[in-house]
Amino acid sequence: MKEHGQLMEIWGDTVDRRHLAWSIAIGAVIALAGFLIARVLLRQVVENQAMAASYAMLVGLAGCLVAGIICAKLFAPKRVIVEEGEDPSWRESAMNELATETGGLGRLADLPPAVIAELKDVGLYDTFAEHERRAALADASPSTPVAGRRAAAAH
Amino acid sequence: MESLLPDILVAFGMGLLGAIVFAGIGLVSGTDETTTLAPLTLIVVLMGVPPAGVFTFFLAGAVAKHMTHAIPTALLGIPGDTLAVPLMQDATRMRNLGVPHVALRKMISGAIIAAFVAVPVSVLFAVLLAPFRESIVASAPWVFLAAALFIAWFSPGRWSSVMLLVPFVALIIALQAGTGRFGVKLGISYFLGIAIGPLVADLFASISPLEKKRMMRSEPRRFSLAPDIKGWKGYFPNPLKVLDRKQTAWTIATATVSSATFVFSPVAMTVLMGEVVGARIKHAYHRMTTVLAARNGVTEATYIAEALIPLIAFGLPLSPVAAGPAAPLFNAPPRFTVDAATGQVNNLHNLLSHWEFLWYGLLAVALAALVSYPFAMNFAHRAASFVSKKLSHEAIIATFVGLILVISVWEGGVLGFLVVLTVGLVGGLLNRIFGFGTGVQFMGYYTAVLTMPAVFKMMGI
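Protein sequence lines, in the order shown, are assigned to chains A and B.
Position 60 of the first sequence, counted from 1, bears residue number 60 in this note's numbering, the numbering being contiguous throughout.
Position 278 of the second sequence, counted from 1, bears residue number 1278 in this note's numbering, the numbering being contiguous throughout.
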């Protein structure tokens, strides 16, 4: 593992402090130099001075992109990306969360056929059916569907 | 350029350009609408692109970005931008159920349908409101003050945001007087400072020993990238088939309603509409997918309406979006100007007719749909993986630092940069500590520029 002593969270993501300092310098120098040099040159060529400055700004923005690309090449992201597989325990906990929410899981019987087909398509039909059965068993008492939902909601 | 190409071709070309550029930007999570849309639209305005091209560039960009930012939201579990925050809970549930690709498809299909609804509805509302233009413009300074107070109260900071308007407005007046001594009048630098504020505040904090401790991390952030499964044949899926009938109906209904409420914050409308829809659907799976489609549709529709209605009806930036990301459509001196004292408006409002707004608006949405929708449907996983593995946050910050410097120095030399730095630092800190959001700050700027002269006049100063 690499040394992570300089990591810091800035503007919503992690960066390395030294890399960040370099990036700021690279971004500032390339963009600003691009803009200022282009402005000097373009003012000699383009008659309308305001337009010359606008074109120079475009050069400066190209400079921003170049700086961004350079920094992307120099400094790797400080993120760990995990390619997820299926994790049955997550599915289970998500189902339990849904059951306790206002409205509860609901009943498959209430769904129009198109949604049933969609659920089967994405492979969730059995999961929902199973949980519905379990919820019904849990309120083993003479539970009407409404009472069952209420019980689930109060859970 | 104007005389050589017919407007429609310019509109087409600029719309396509906007869609492609912002479809790419949308993939980078955390890139706020205001920090990216506003400066790039501004450049397009200042380059002298004909009005139709400016309009399609902005709108196609906004819609395209909105669609691709659903990718990090659904697959990585990080909000694509501030508008995506209300969708996080359901999106995360869907991820945990193992079907993030379904969440993504429902979201962007809702968005595309809502966008096509929002454009004509917005134009219609604007036409209905247009007769009130005279009286609104005549009392513009007070309308802006009322809007600022209203938007402040609805921001996360509530009463503190309302109170903070006073020192913030004072700061802007002071800065303007300061640069005025050197004969420099700035506008864009203030917007840029407000938009980029959170970054500026974080950068200052990062070098303070006190704040540094809070910001240091012991290890890189972990993201889990969910798998993507293609569920249809061909390249261009039909959004009406991705959503079932009920979902389409809810999306259209909520998009229509939220298009009418253009003065509210898009985030608030999104939360509210989601609750309304969710309460009416019994089954959990159906509820999640429908709410995701409707909510993403609402963010899309509110966004479009907030930009279009004030623009078409009044020509004054009277909503959070109009004052922020869409600001250059209203005010981009020297080309577009708003003068509250005289009610003089010279911007897209008087350069395009109602019909042109409608047709070019639909063209922009169609272009964004053509570029962004199939891209997000087909390549979501690969794109998210590429961005998160190859594009470091340092590189993004480098790009933004360059952007801040170039635009501020272009507008006002060293003084422009000082204004961006000052406004950015103060605004960013007020945002972080008090919840004085960027939308309120934009309205604060307009209060300083448009309302205060009238107040001073009334007080005889």
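Hints should not be assumed to be uniformly reliable.
[As the list claims (entries may be wrong)] From the structure, some residues in chain A lie toward chain B, with a derived Cβ separation under 7 angstroms:
id, residue
1, GLU9
2, GLU47
3, CYS71
[Unchecked claim] Here are the in silico distance ranges between beta carbons for each label pair:
id, chain 1, residue 1, chain 2, residue 2, range
4, A, ALA129, B, PRO1156, 47 to 55 angstroms
5, B, HIS1354, A, LYS73, 25 to 33 angstroms
6, B, LEU1128, A, GLN49, 41 to 49 angstroms
7, B, PHE1386, A, ARG43, 51 to 59 angstroms
8, B, ARG1245, A, ALA25, 55 to 63 angstroms
9, A, ALA25, B, GLY1180, 26 to 34 angstroms
Calculated from the structure, these hints are not laboratory results.
These figures come from a predicted structure and were not determined experimentally.
All C-beta atoms in this analysis are idealised placements derived from N, C-alpha and C, irrespective of residue type, glycine included.
Hints, one by one, checked against the model:
1. Because the beta carbon of A/GLU9 sits about 5 angstroms from the nearest beta carbon in chain B, less than 7 angstroms, this interface hint is met.
2. For the restraint placing A/GLU47 at the interface with chain B, the shortest Cβ-Cβ distance is roughly 14 angstroms, beyond the 7 angstroms limit, so the hint is violated.
3. Below 7 angstroms, beta-carbon pairs count as interface contacts, and A/CYS71 has one with chain B at about 4 angstroms; its hint therefore holds.
4. Taken as a hint, the range 47 to 55 angstroms is violated for the pair A/ALA129 and B/PRO1156, whose Cβ atoms sit roughly 41 angstroms apart.
5. For B/HIS1354 and A/LYS73, the Cβ-Cβ distance of about 49 angstroms falls outside the hinted range of 25 to 33 angstroms, so the restraint is violated.
6. Separated by about 44 angstroms at the C-beta atoms, B/LEU1128 and A/GLN49 satisfy the suggested range of 41 to 49 angstroms.
7. Distance hint check for B/PHE1386 and A/ARG43: the Cβ-Cβ separation is about 40 angstroms, which falls outside the suggested range of 51 to 59 angstroms.
8. As the Cβ distance of B/ARG1245 to A/ALA25 is approximately 56 angstroms, the hint placing it in 55 to 63 angstroms holds.
9. At roughly 32 angstroms, the beta carbons of A/ALA25 and B/GLY1180 sit within the given window of 26 to 34 angstroms.
Of the numbered hints listed earlier, those contradicted by the structure are 2, 4, 5 and 7.
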